[in-house]
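From first to last, the protein sequence lines stand for chains P and A. When you line the first sequence up against the numbering used here, it's residues 1 to 236, in that order. When you line the second sequence up against the numbering used here, it's residues 1 to 236, in that order.
Note that these hints are calculated values from the structure, not bench results. Possibly wrong hints are sitting among the right ones.
No copy is singled out in the list; a pair is fine if it fits within one copy or between any two copies.
[Said to hold, decoys possible] DMTMM-like mimics (lysine to aspartate or glutamate), calculated; alpha carbons at most 20 Å apart, straight line:
{"id": "1", "residue 1": "Lys184", "residue 2": "Glu45"}
{"id": "2", "residue 1": "Lys203", "residue 2": "Asp95"}
{"id": "3", "residue 1": "Lys184", "residue 2": "Glu44"}
{"id": "4", "residue 1": "Lys212", "residue 2": "Glu103"}
{"id": "5", "residue 1": "Lys184", "residue 2": "Glu71"}
{"id": "6", "residue 1": "Lys92", "residue 2": "Glu10"}
{"id": "7", "residue 1": "Lys203", "residue 2": "Glu34"}
{"id": "8", "residue 1": "Lys82", "residue 2": "Glu10"}
{"id": "9", "residue 1": "Lys49", "residue 2": "Asp114"}
Note that this is a predicted model, so its numbers are computed, not measured.
There are 2 protein chains.
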Amino acid sequence: MLFRQLFDSESSTYTYLLADLTTREAVLIDPVLEQVERDTRLLEELGLKLVVVMETHVHADHVTGAGQLRERMGARVMASAKGAPCVDRQLKHGDVVRVGQLELRVLETPGHTDDSLSFLCDGRLFTGDALLVRGTGRTDFQNGDPGQLYDSITRELFVLPDATEVFPAHDYAGFTSSSVGEEKRHNPRLAGRTRDDFVHFMKSRQIPPPRKLDVAVPANRACGLTAPADSQSPSA
Amino acid sequence: MLFRQLFDSESSTYTYLLADLTTREAVLIDPVLEQVERDTRLLEELGLKLVVVMETHVHADHVTGAGQLRERMGARVMASAKGAPCVDRQLKHGDVVRVGQLELRVLETPGHTDDSLSFLCDGRLFTGDALLVRGTGRTDFQNGDPGQLYDSITRELFVLPDATEVFPAHDYAGFTSSSVGEEKRHNPRLAGRTRDDFVHFMKSRQIPPPRKLDVAVPANRACGLTAPADSQSPSA
Numbered sequence: 001m002l003f004r005q006l007f008d009s010e011s012s013t014y015t016y017l018l019a020d021l022t023t024r025e026a027v028l029i030d031p032v033l034e035q036v037e038r039d040t041r042l043l044e045e046l047g048l049k050l051v052v053v054m055e056t057h058v059h060a061d062h063v064t065g066a067g068q069l070r071e072r073m074g075a076r077v078m079a080s081a082k083g084a085p086c087v088d089r090q091l092k093h094g095d096v097v098r099v100g101q102l103e104l105r106v107l108e109t110p111g112h113t114d115d116s117l118s119f120l121c122d123g124r125l126f127t128g129d130a131l132l133v134r135g136t137g138r139t140d141f142q143n144g145d146p147g148q149l150y151d152s153i154t155r156e157l158f159v160l161p162d163a164t165e166v167f168p169a170h171d172y173a174g175f176t177s178s179s180v181g182e183e184k185r186h187n188p189r190l191a192g193r194t195r196d197d198f199v200h201f202m203k204s205r206q207i208p209p210p211r212k213l214d215v216a217v218p219a220n221r222a223c224g225l226t227a228p229a230d231s232q233s234p235s236a
Numbered sequence: 001m002l003f004r005q006l007f008d009s010e011s012s013t014y015t016y017l018l019a020d021l022t023t024r025e026a027v028l029i030d031p032v033l034e035q036v037e038r039d040t041r042l043l044e045e046l047g048l049k050l051v052v053v054m055e056t057h058v059h060a061d062h063v064t065g066a067g068q069l070r071e072r073m074g075a076r077v078m079a080s081a082k083g084a085p086c087v088d089r090q091l092k093h094g095d096v097v098r099v100g101q102l103e104l105r106v107l108e109t110p111g112h113t114d115d116s117l118s119f120l121c122d123g124r125l126f127t128g129d130a131l132l133v134r135g136t137g138r139t140d141f142q143n144g145d146p147g148q149l150y151d152s153i154t155r156e157l158f159v160l161p162d163a164t165e166v167f168p169a170h171d172y173a174g175f176t177s178s179s180v181g182e183e184k185r186h187n188p189r190l191a192g193r194t195r196d197d198f199v200h201f202m203k204s205r206q207i208p209p210p211r212k213l214d215v216a217v218p219a220n221r222a223c224g225l226t227a228p229a230d231s232q233s234p235s236a
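Looking at chain P on its own, in the form it has when it is part of the complex:
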């Protein structure tokens, strides 16, 4: 199995490439539009066929590369049934996505957004914006809900083995990964905090909305592709 973590410095987004080195089939999790050239070249150099793109959620801080990767490479785009309508397969809790011999198990982990998913593959947990290294996603837009996020993390993620590696969709402090055990013990929003503590803390935060919110969310509901010309010109 090949595993590669990629970073978009403009949005501090991590994209993950996983591939079965026998069948050469690959999956990208949370690709970024501005990095499609980089990612396409990397796939070509590695001799991989991109068959699946998986989104942890409809992102508000960057535009996805999913639609372009589908057009260029024929990949099937997958995300939550509660998320973008543009996808080829709607995922729900307990689903397993097979890419060659790889199996990615789908966990519904809403709270950052109502469509947030995490993916578990061979001891690696891709948490999107639900669980970050020493942090969590925010819960103040896109139907976010702090109580729901607390439940998702504690009931779905923190029940996994402590050694499970945690790979988030973002980091802003230079961490690339963590583990379930480490976050249970040291995540300052969760360790030793009750659900009520967490909800109170999240509701008391005053932070500006993501810079790209108004652009990214509608774009990502179309898998990052520009809407067709006729839908841009309602008078036509």
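We have chain P already, so just place chain A on it with the hints.
Coordinates of chain A only, in the frame set by chain P:
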């Protein structure tokens, strides 16, 4: 064994943490001064004792955290005999640094600077600024030499097994790692290029010096610590 890649976004520097989970002894490769708090906290949270700091070379783009980590945690600082005079152990080709059960083998890979080392540990190769993902370090200061860099990469690094993972000291395009086989085949400065091609290319580049060159190099020769007061006041 624990392995963790850390990033300093201001200088695009990767720092590496390796630890023996039995003895809890740890080594940091190329720590950054501004990240000493982050790294110290991480070591504490993980219950690790930092016993060694290793530098791949005297850096020109950031100030090292080595001296502060030595003062705070008692770590021994190690680097090339041709590098900073402040170190506790001077390393040369073929040396092995033991940290618990971990063994880090020292490879002299000069050319980016004359003191550049790479370290090999359990299939992971830490290449400093000698070999980057799809690139190399520059060779136009600190006794850099493009012919020497070509020889270092092709004779010391590219002779390792193709599956050896490559972890550079920097990346500017969002790559976190590569492999020896991948760089042999796809590094645009090296794949299909002769030594003369490489030397010509490196000598023809016109790029400004690192922003921190004049500050970082003298600071790093003192392991990132401010010179003692009396040496700052020669008249005292």
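Do the hints match the structure? See the list:
Within a single copy, Lys184 and Glu45 get their C-alpha atoms only as close as 38 Å, which misses the 20 Å cut-off; across copies the closest is 12 Å, which meets it. Taking the shortest Cα distances, Lys203 and Asp95 never come within 20 Å of each other, neither inside one copy (32 Å) nor across copies (55 Å). For a Cα distance limit of 20 Å, the shortest separation of Lys184 from Glu44 across copies, 15 Å, qualifies, whereas the shortest one inside one copy, 39 Å, does not. Taking CA atoms no more than 20 Å apart as the test, Lys212 paired with Glu103 passes in neither setting, with 33 Å inside one copy and 46 Å between copies.
For the homomeric pair Lys184 and Glu71, neither the shortest alpha-carbon distance inside one copy (40 Å) nor that between copies (30 Å) is at most 20 Å. For a Cα distance limit of 20 Å, the shortest separation of Lys92 from Glu10 qualifies neither inside one copy, at 30 Å, nor across copies, at 39 Å. Within a single copy, Lys203 and Glu34 get their C-alpha atoms no closer than 33 Å, and across copies no closer than 31 Å, so neither meets the 20 Å cut-off. In this assembly of identical chains, Lys82 and Glu10 lie within 20 Å of each other by CA distance neither inside one copy nor across copies; the values are 27 Å within and 37 Å between.
Taking the closest pair of Cα atoms, Lys49 and Asp114 never come within 20 Å of each other, the shortest separation being 31 Å inside a single copy and 41 Å across copies.
This entry does not satisfy hints 2, 4, 5, 6, 7, 8 and 9, going by the numbered hints stated previously.
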